[in-house]
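Undergrad: Those protein sequences? They're chains A and B, same order as listed.
Each residue of the first sequence is one higher than the one before, starting from 1 at the first, in the working numbering.
Each residue of the second sequence is one higher than the one before, starting from 1 at the first, in the working numbering.
Everything labelled a hint here was simulated from the structure, so no lab data went into it.
Do not take every clue at face value.
Sample of chain B residues lacking proximity to chain A, with all beta carbon distances greater than 10 Å (derived) [to be verified]: (1) P42; (2) E85; (3) G87; (4) Y90; (5) G145; (6) L168; (7) P191; (8) S281; (9) F289; (10) Y296; (11) M312.
Examples of chain A residues lying across from chain B (beta carbon under 10 Å, computed) [claimed, not checked]: (12) F60; (13) V68; (14) A72; (15) F163.
Quick caveat: nothing in here was measured; it's all calculated off a predicted structure.
All residues carry an ideal CB built from backbone N, CA and C; glycine is no exception.
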Amino acid sequence: MECATTRRFFALIVTVCSALFAPSISAHPHMWIDAKAEFVFDDQARLLSIKQTWRFDDLFSPYAMQGVKKGADGKYPAATLKSMANDWMDALGEPISHFFTRVRVNDETLGFAAPQNARLRWDNTLNRLELAFTLPLAKPVALSGRQALIDIYDPTYFVAYDFAGNDVITLSRAPAECARKYIPPRELDYATMQQLAAIPPDPDPSALPEELFAITKGLTHRIEIAC
Amino acid sequence: MPSALKQTSAAVRASVHPLRWVLFLSLAILVSLPIVAQAAHPFGVPEASTGWTAPAFLRDILGHIAIWQSHFYRQLTTAVRTWQEGGAAYLLIGLSFAYGIFHALGPGHGKAVIASYVLANRQTARNGAILSFIASLLQALVAIGVVTVLGLGFQVTANVMNQTTRWLEVAAFGMVTLLGVWLVWQKMIRPLVRRRATSRAATTGAGVHAHSHAHPHGHAHAHAHAHAHGHGHAHEHAHDHHGHDDCCGHSHAPDPAALSGKLDLRRAWAAILGVGLRPCSGALIVLVFAMSQGFYRAGIVAALAMGVGTGMTVAALAMLSVWASNGAVKVGGWISSRTVRILRYVIESLAALLVLMLGLLFMSAALYG
Chain A
1 MECATTRRFF ALIVTVCSAL FAPSISAHPH MWIDAKAEFV FDDQARLLSI KQTWRFDDLF
61 SPYAMQGVKK GADGKYPAAT LKSMANDWMD ALGEPISHFF TRVRVNDETL GFAAPQNARL
121 RWDNTLNRLE LAFTLPLAKP VALSGRQALI DIYDPTYFVA YDFAGNDVIT LSRAPAECAR
181 KYIPPRELDY ATMQQLAAIP PDPDPSALPE ELFAITKGLT HRIEIAC
Chain B
1 MPSALKQTSA AVRASVHPLR WVLFLSLAIL VSLPIVAQAA HPFGVPEAST GWTAPAFLRD
61 ILGHIAIWQS HFYRQLTTAV RTWQEGGAAY LLIGLSFAYG IFHALGPGHG KAVIASYVLA
121 NRQTARNGAI LSFIASLLQA LVAIGVVTVL GLGFQVTANV MNQTTRWLEV AAFGMVTLLG
181 VWLVWQKMIR PLVRRRATSR AATTGAGVHA HSHAHPHGHA HAHAHAHAHG HGHAHEHAHD
241 HHGHDDCCGH SHAPDPAALS GKLDLRRAWA AILGVGLRPC SGALIVLVFA MSQGFYRAGI
301 VAALAMGVGT GMTVAALAML SVWASNGAVK VGGWISSRTV RILRYVIESL AALLVLMLGL
361 LFMSAALYG
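Required output: the full structure, derived from the provided sequences and hints.
TA: So this is what it looks like as structure tokens:
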């Protein structure tokens, strides 16, 4: 019967069905970071720490600095920058984001000690914000005959990293036989990224399936150091 | 007695009509609002984070949409500077508009809310489109308002602005919860209560129509026999009353709201606010950028262009859903009205409960996530 009942009932069905197939959250970058990484070795030729420099994009930089007034010298007050840097290091820390960095040697993920020398710098010519910090390994690791695999990326795909340029990944005070290799992530595989982003965050920091999945799928910035 | 009949049918119409749109509205809100877990990300720019997964066949398309959205987004700063340095504004307007279109194809922006409201009220496609634009432009205006008052006015920091956005979202999600509460009451509890009351009244042999409100707001008839309702003799069964359409052989006046084709903004306010209260994050960031460049009008123009873009996408979906529902009606002739009625009640009750649960879930995620 062509009744209002039937019409509305089917409107209901149509709505429910379209609701079930409604698009999900698209995990895609909202922030871009031009990154640099310097791997520092100690006197015993062990990998000691990673110095990272993250330059934020030109939309996020003014957003982050809004409401902060520049001083008489045309620069942002150092105290404000320092406290912002500290806040961010806290937010980036273990166990949730672990600084978006993962170091593995012989299939074992190494832990980090507390980050040092965190500082924020405003580049006046580029009008961009730069966060620099040193991330020491909990224990320095000797790499002779072994390979260190370092993955840098944001598992939620909110941030897109970029290691562009020739000298953005360097070794410092490394033994002569150490070589580094940079493998960029697979291009724009957002379909896989959607899969990853859909995995709910696991409260247990030692079980991060989406990270391992991203690593195996080649979606991270991979740096391999072999000595 | 025709005049008593008309009075009662008018009363029933008045009570039933808003309930249906509330049902669809809430059904839709539950899918359109992404789950908020902003505290989780260290660089907490106001943007909702992960929710449900799309089915596989949609993932590729969504991925490409996300890529295009990012492309347009990254060009926005160049476009602002171009205009500021004396170039034309068209680049910024075009990019913002394109960003709005693709951004609204992703989750959020109330597509399902508006579409469902339009379906439930049997609005024309035209009214659906108008509603979509009003809601989307409200989002742009809220973004402009937030940045102007907080950014230009109070010169707050990013943290404060993020917090404000979160509270606006909590307000919107709060509306979902309230709707859920109302829905559960109207769709699940009241029909049961009234049906019991009416069946008692009917067996006492009342001399007038026992018009019961205990129907699931579908408009089926529980008559065991075909009956013209022009006369007011006692019906010994509680019958469902619809009073909306002139089909099924009854002489009830058709629903004037459906006939008029006019957009009833009083009814649509909840749909508009539920969508519009949440400012678009892209607009917020561009506005702040323009402010930092000392060229705020570019931000306002960009935000409005984004609003028009999202409005177009939402309007297109609303119109599609109207046409789809019109098409689906033709298919449904063979289901009996009683089955339809029962199914409706079950679905509506479940939907009402879902809305309530999701409203609470969204709110708790926004407040404590």
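Undergrad: Now tell me if each hint is right for this structure.
TA: Quick rundown of the hints versus the structure:
Distance check for P42/B against chain A: the nearest CB is about 4 Å away, which does not clear 10 Å, and the non-interface claim fails. Non-interface status of E85/B relative to chain A is upheld: no Cβ of that chain comes within 10 Å, the nearest being about 14 Å off. Every CB of chain A is more than 10 Å from the CB of G87/B (nearest about 17 Å), matching its label as outside the interface. With a least CB separation of 20 Å from chain A, Y90/B remains clear of the 10 Å interface cut-off, as annotated.
Here G145/B stays apart from chain A, with its beta-carbon at least about 16 Å from theirs, past the 10 Å limit. With a cut of 10 Å on Cβ distances, L168/B stays outside the contact zone with chain A, its closest approach being about 17 Å. Under the 10 Å C-beta cut-off, the non-interface status given to P191/B relative to chain A holds; the minimum distance is some 15 Å. Some Cβ of chain A comes within 10 Å of the Cβ of S281/B; the nearest lies about 8 Å off, and the non-interface call is violated.
Taking the minimum C-beta to C-beta distance to chain A, about 5 Å, the non-interface status of F289/B is violated against the 10 Å cut. Residue-level check passed: Y296/B sits 12 Å from the nearest beta carbon of chain A, beyond 10 Å. At roughly 16 Å, the least C-beta separation between M312/B and chain A is larger than 10 Å, which holds for a residue marked as non-interface. Nearest Cβ of chain B to the Cβ of F60/A: about 7 Å, under the 10 Å cut. The hint holds.
Interface restraint check: V68/A against chain B, minimum CB-CB distance 7 Å, threshold 10 Å, status holds. Here the hint on A72/A is broken, as its CB sits about 18 Å from the closest CB of chain B, past 10 Å. Contact between F163/A and chain B, as hinted, is not supported at the beta carbon level, the nearest pair being about 18 Å apart and thus beyond 10 Å.
Of the numbered hints given earlier, the model fails hints 1, 8, 9, 14 and 15; all others are met.
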